[in-house]
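Asker: Protein chains in written order, with this note's numbering: chain A, 1 to 93; chain B, 1 to 446.
Be aware that one or more of the hints could be misleading.
Here are the simulated SDA-like cross-link-like pairs (lysine to any residue), alpha carbons at most 25 Å apart as the crow flies [stated by the list, open to error]:
1) K47(A) to Y331(B)
2) K82(A) to E58(B)
3) K23(B) to T6(A)
4) K310(B) to S77(A)
5) K24(A) to A283(B)
6) K73(A) to R289(B)
7) K284(B) to K47(A)
8) K82(A) to I222(B)
9) K297(B) to L76(A)
10) K306(B) to K47(A)
11) K351(B) to I222(B)
Don't read these hints as lab results, they were simulated from the structure.
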Amino acid sequence: MIDEKTVEHIAKASRLELSSDEIKKFSKQFSDILKEFEVIDEVDTGKINPCFHPVETKNVMSEDRVTECLSTKQALSMTEHKENGFFRGPKII
Amino acid sequence: MNIINKVKDLDRKLDCFITVDEKSKPLCEGKLSGYTVSVKDCFCTNGLRTTAGSKILENYIPLFDATVVEKVKNEGGLIIGKTAMDEFGFGTFSANCAYKIPKNPWDLNRSCGGSSGGAGCISAVLEKHIAVAESTGGSISAPASFTGTVGITPTYGRCSRWGLLAYANSLDKPGIIAGNVKDAALGLSIIAGYDEKDSTSINEKVPDYTKSCRTNLKGIKIGIPKEYLSEGIDEKVKSHFYKAVETLESLGAKTEKVSLPMTKYALSSYYIIAVSEASTNLAKYCGIRYGATLPLKGNFDEFASKVRTKYFGEEAKRRIMLGTFTRMSGYRDAYYLKAMKIRQMIIDDFKKAFKKVDVLASPTMPVIAPRFDEISKLTPLQNWAMDILTVAPNLAGIPMISVPCGFADNMPVGLHIIGNHLDESKLIHTAYAYEQKANLNRGAEI
């Protein structure tokens, strides 16, 4: 069961704003979905290791060499928030 | 009519493109000369708008090509545009689109499937066409099944994910949709291969998959997983599947029943892993460096929340929040880690089956393409349950191909053939032999 307070908390952590109607709706939906997810509790996963990638990859190294990258102008070309060759953002604290 | 005008005309009727590239020209001569190519809108295309089906990237024009796009261009493919999709791939019906919802060419009131709906749609109506698509949990197989086309989802890592706008990193797989097996095999031969820019791509030689297009199935053993023919599968779909099995047997294949006991847990495990990864991937969209934005106001959290709330659609918000929850301290072990362990057990199930048989066969989707009025009545859970046959092989990262196997209520039905890691050649062989014998591929008339 995910109550409305928990929905508000995860919305805030997800950087999303919800109306009170949306909080109610998601609370109901998430509770239904988590109830369905409970099926996995039946499985004894005792000694099984979690599988982070379906195909095993081992210590993939790349050569350390200088390659081309985006210019400052290119990197800033997709935003209106820029100043003196830097991205401009909202205040952090 | 020139090809771009033809594509624009089809798009007016079917809403299958987010962006049509009117200025496209082939870069060179190559294996794709004479073909048109469409690219799902989640792959970056240099100088051509790339939205991933989301308003949060409405004006994003990449400065580079995804590796699979570069490969297509280097073989002389004429890229005609970017195909419609569910926002960030979040859907089974291409109904969660921030732009146009593609209509099924066999019945305009029905879905093309998702999330590569536009790719399936255009492949059903345009000859000599190869659609570059992508699957996370079934996004190539579902549209192929619903539109009567061929969709191949290769092994995880067979095709580079560099330049792909990620949904779930450990599940995303670039692949191909086309009108027939041979064209799909050609497309895969071109986009597959190791890429040093994607550390999860597989460093193995790529065969010429078109050479696997052979018609005799003698010596091939096909397993039929009993769990994939359970109660939830439409009877008409099942009956076409059983006819397809008879056809495969008539070509020399041996069939036998197999069991994949972990199937019951695949859907929940898939969604837990997919939303967990999606919620971290989508955290980067905050309105500062690229994508949709608003005037700078308030602190970072307030600003980013305003941008994300305004531009993400409902399904994206649902998956981001649920994924935030399943990774949260106190819940992570019970959901995310547990699902990852079950994923390993699902892989073990498949590996055991592939010790006995070469490939597995099942229906691709449990139903024919639903009508939009039916889809609008589904709850999120009912929606997700439609992926019941495709999520397990996608979780296991094993390859699969969907090929048309008949028509129910005048709508296409798909046969799903699933193989072991890197066994794409066997899938293509089996699917091609079946296709030639069944002779059911025909383009939709529009």
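Asker: Hints first: check each against the structure and report whether it holds.
Answerer: Results for each hint:
Among the hinted pairs, K47(A) with Y331(B) is consistent with the structure: their alpha-carbon atoms are about 20 Å apart, no more than 25 Å. For the given pair, K82(A) sits about 19 Å from E58(B) by alpha-carbon distance, which is consistent with the 25 Å threshold. For the hint linking K23(B) to T6(A), the alpha-carbon distance of about 50 Å lies beyond 25 Å, and the restraint is violated. Distance check on the hinted pair: K310(B) and S77(A) sit about 22 Å apart at the alpha-carbon level, within 25 Å; holds.
A hinted pair counts as satisfied when its Cα atoms are at most 25 Å apart, and K24(A) with A283(B) qualifies at roughly 24 Å. Our distance criterion of 25 Å between C-alpha atoms is met by K73(A) and R289(B), whose separation comes to about 12 Å. Restraint check for K284(B) and K47(A): the C-alpha separation of about 35 Å exceeds 25 Å, so the hint is violated. The suggested pairing of K82(A) with I222(B) is violated, with an alpha-carbon distance near 59 Å, which exceeds 25 Å.
For the given pair, K297(B) sits about 20 Å from L76(A) by alpha-carbon distance, which is consistent with the 25 Å threshold. Only pairs whose Cα atoms come within 25 Å are accepted, and K306(B) paired with K47(A) is rejected, the gap being roughly 44 Å. Annotation: proposed proximity of K351(B) to I222(B) holds, straight-line Cα distance about 14 Å (limit 25 Å).
Taken one by one, the earlier hints fail for this structure at numbers 3, 7, 8 and 10, listed in ascending order.
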